[in-house]
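Peer 1: Listed below, chain by chain, are the residues.
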Amino acid sequence: MDILIYGTINSVALALYALGFAMVYGVSRLPNFAHGALYVLSGFITWTMLNSLGLPYIVSIVLTLIITGIIGAMIYQFVLIRVRGMEISEIIASYAIGLAILEGLRWGGFRGVNYTLPAFIAGSTNIAGISVDYQRLLVVAIGAAVVAVLWLFTHYTRIGLALRGMAQDERAAMMLGIDSDLMAVVAMGFGSMLAALAAILLLPLGNVVVEAGYNVLILAIAVCIVGGLGSWMGAVLAAFLIGFAQILTVVYLGAQYQMVVAIFAIILTLILKPSGIFGQQKELEERV
Amino acid sequence: MKTARIKMLVIFVAAVLMMLLPVQTVQAAKPIVLGLPLSTAFLYGWAAERGVKLAVEEINAKGGVDVGGEKRPLAVEVIDTRDLEPGVPVSDALLAVEKLILDKKADFILGGPVRSEAALAAMSLLSKYKKVSILTTGVLTPAYHAQVAKNYDKFKYCFRIHGEAQNLVGEMFANFGELKKKYGFNNLFIIAQDVSHARGAAEVMESVAKKKGWNVTGVEIYPTGATDFSMGLLKAKKTKSEIINIWMDMPESAILLKQWYEMKLPALPFGSTLAAAEQPSFWKATDGQGEYTLCNVVNAGNAPSEATPWTMKFYNAYAKRWGVEPEGLGSSSSYMAVYVLRDAIESAGSLDSDKVVTALEKTDIMGVYGRLRFDPKSHQVIPALDPKDGAVGSILQWQNGKRVVVYPKSIATGEIKLPPWMKK
Chain A
2 MDILIYGTIN SVALALYALG FAMVYGVSRL PNFAHGALYV LSGFITWTML
52 NSLGLPYIVS IVLTLIITGI IGAMIYQFVL IRVRGMEISE IIASYAIGLA
102 ILEGLRWGGF RGVNYTLPAF IAGSTNIAGI SVDYQRLLVV AIGAAVVAVL
152 WLFTHYTRIG LALRGMAQDE RAAMMLGIDS DLMAVVAMGF GSMLAALAAI
202 LLLPLGNVVV EAGYNVLILA IAVCIVGGLG SWMGAVLAAF LIGFAQILTV
252 VYLGAQYQMV VAIFAIILTL ILKPSGIFGQ QKELEERV
Chain B
2 MKTARIKMLV IFVAAVLMML LPVQTVQAAK PIVLGLPLST AFLYGWAAER
52 GVKLAVEEIN AKGGVDVGGE KRPLAVEVID TRDLEPGVPV SDALLAVEKL
102 ILDKKADFIL GGPVRSEAAL AAMSLLSKYK KVSILTTGVL TPAYHAQVAK
152 NYDKFKYCFR IHGEAQNLVG EMFANFGELK KKYGFNNLFI IAQDVSHARG
202 AAEVMESVAK KKGWNVTGVE IYPTGATDFS MGLLKAKKTK SEIINIWMDM
252 PESAILLKQW YEMKLPALPF GSTLAAAEQP SFWKATDGQG EYTLCNVVNA
302 GNAPSEATPW TMKFYNAYAK RWGVEPEGLG SSSSYMAVYV LRDAIESAGS
352 LDSDKVVTAL EKTDIMGVYG RLRFDPKSHQ VIPALDPKDG AVGSILQWQN
402 GKRVVVYPKS IATGEIKLPP WMKK
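Sequences listed follow chains A and B, in order. Just so you know, we're using the working numbering here: the first sequence kicks off at 2 and counts up by one. Just so you know, we're using the working numbering here: the second sequence kicks off at 2 and counts up by one.
The set of hints was computed from the structure by calculation and includes no laboratory data. Heads up, some of the hints might be wrong.
[What the hints assert, rightly or not] Derived contacts from chain A toward chain B, CB cut-off under 10 Å, selection only:
no., residue
1, Ile6
2, Tyr96
3, Ile131
4, Asp134
5, Val211
6, Met260
Nothing here was measured: the structure is a model prediction, and the numbers come from that model. Don't be surprised by glycine CBs; every beta carbon is placed ideally from N, CA and C.
Working from the sequences, and respecting the hints, build out all of it.
Peer 2: Shown next, in the form of structure tokens:
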């Protein structure tokens, strides 16, 4: 039972880490290596609003989502647009931005255990004899809601349909009048907001530390590669595969191997099915 | 009248010159450069930097260090080794040490590298450049002073002025024994970070615990940067563990303690190098959920106590200078390392490494955390339970928002308390 409960929590956390990354790549084929940095940055923005500016928690959260979304959109509009289509340059540029954000935070004195966000609901409960805190249950509930809203958004709204159109066939979408760059800006904005949402939900479980940015990026990449780059549903499925594999590893092998699971999953996927579970990229080459 | 005015002017100028002379001598003298390779984004790094700088400021304010009759000021050069960060290779710390020696012209190396793996690797480098080094923070591996003892001629430049893992293990078991006697505890669960000193300490703890009749219910090793400890804690709960011995210096250890509190786990968290819980800000960071956490801060002076007359003097000076109390491992030892080095240089009358090594081996002063002497063979500071005999450790427990020293008895200001859900 503990494996089921904590496996689910871990999987939803992984899905939250990865959804923003998957969305940006799915729409604009842009690997946003600043994703982990945006996650950490949004944690510090919320903390600053809450503690230094004294704003109410809910206001801080809403403002953080908006600010992070704008930062993401600006990163595309002012930097990444110039290297669009050049894959290596996209990776280098976005990684450099991420590095600048994380190192800038460290340089700015954001270090140590002092930066914590309050849990939405304090306390814990027992499920079948297993103690679980309310914040983790909330993560699962909101995580599921986010996936549902994302599905509805991409199936029933004009912007969502345009994003899907771009994701499926950029040239055809452009022929139908969809502005490719505008959609990429929107995707980066939404993707960054999803990184911020993950941070706001998950960081109250611990503390906001700069180093988390690198871990989040690795986990997001692992989930997206296993699920298939660009596939949102693939990312969710892969999050559950890796999430449960990690928990099983902790239980039966040892906690020290849990990070290896994500790396091993990347290697295994690249060997067996480079396009991932639901990925379409390179699928033809694989079949040939 | 004119002659009198000239005389007055001459006397005035002479007086001004005499007043300026000693200051000018200190300022003009070439500074003695202390190179600090530290992981500055982490407690053990910044605490060491602050400790060293405080001592340097105090010594410079008194005219500097007397080197063979010449007063020379101390200067500090810090390079961030980042060796406490996950994924940073040891080679980065070695580059930092080499840069301090070759580029920054450091006369002595103090502080780090902070991670045991990096410090062990740096030993050959220090030997190559014949640079005297005093480790003051982080590194706990017994392998460090064992290397010096094993190959003295090569590694004689390496000293360590803070406690090491074997002392810490001994101090832990002294407390476990008390808890066993008082509450009948017998089940011990060990959680460690996946780094050299912590893994090594966990192995030693397991082995010693079994020899002492403890039932070791499990050993969990977590990677650096782990953010979820639920499964390990559940294992501790299932196995009816009564003490959770934690060896973790990463800030994420605060998450572990929060989870422990949320689960109301009936096992006392007893840590060593538990950086998160050492800091005064821990209480606020965990909203008080870290109450009852015990941690070994390695040396007295890193938490408030009256170990020696110098302890609270240092404690208050540190708090005044940095706006925060000494926060944990590295604070008092780094401060004392500068004073010990000053005495050695003055005794040697030179900066020559071999002469300073000989002088350091003769160190015998009453410092912030007791009588400070180095073992002449291994260059490890000599530990004791009483500050009159040697360097004393310090174990604190968070009680009602305060860091209360509970061990050793000679300096304790309180006793270990159990959380309400553990009281029988």
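Peer 1: State for each hint whether it applies.
Peer 2: Structure-based check of all given hints:
A hinted interface residue such as Ile6 (chain A) counts as satisfied when its beta carbon comes closer than 10 Å to some beta carbon of chain B; here the least separation is about 9 Å, so the hint holds. Hint status for Tyr96 (chain A) relative to chain B: violated, with the closest Cβ pair at about 14 Å, above 10 Å. The interface hint given for Ile131 (chain A) is met, as the beta carbon of that residue sits about 7 Å from the closest beta carbon of chain B, less than 10 Å. Contact between Asp134 (chain A) and chain B, as hinted, is supported at the beta carbon level, the nearest pair being about 4 Å apart and thus within 10 Å.
Checking Val211 (chain A) against chain B by beta carbon gives a least distance of about 7 Å; that is within 10 Å, so the hint holds. At a threshold of 10 Å, the smallest CB-CB gap from Met260 (chain A) to chain B is about 5 Å, leaving the interface hint in force.
When each numbered hint is compared with the structure, a violation occurs for hint 2 only.
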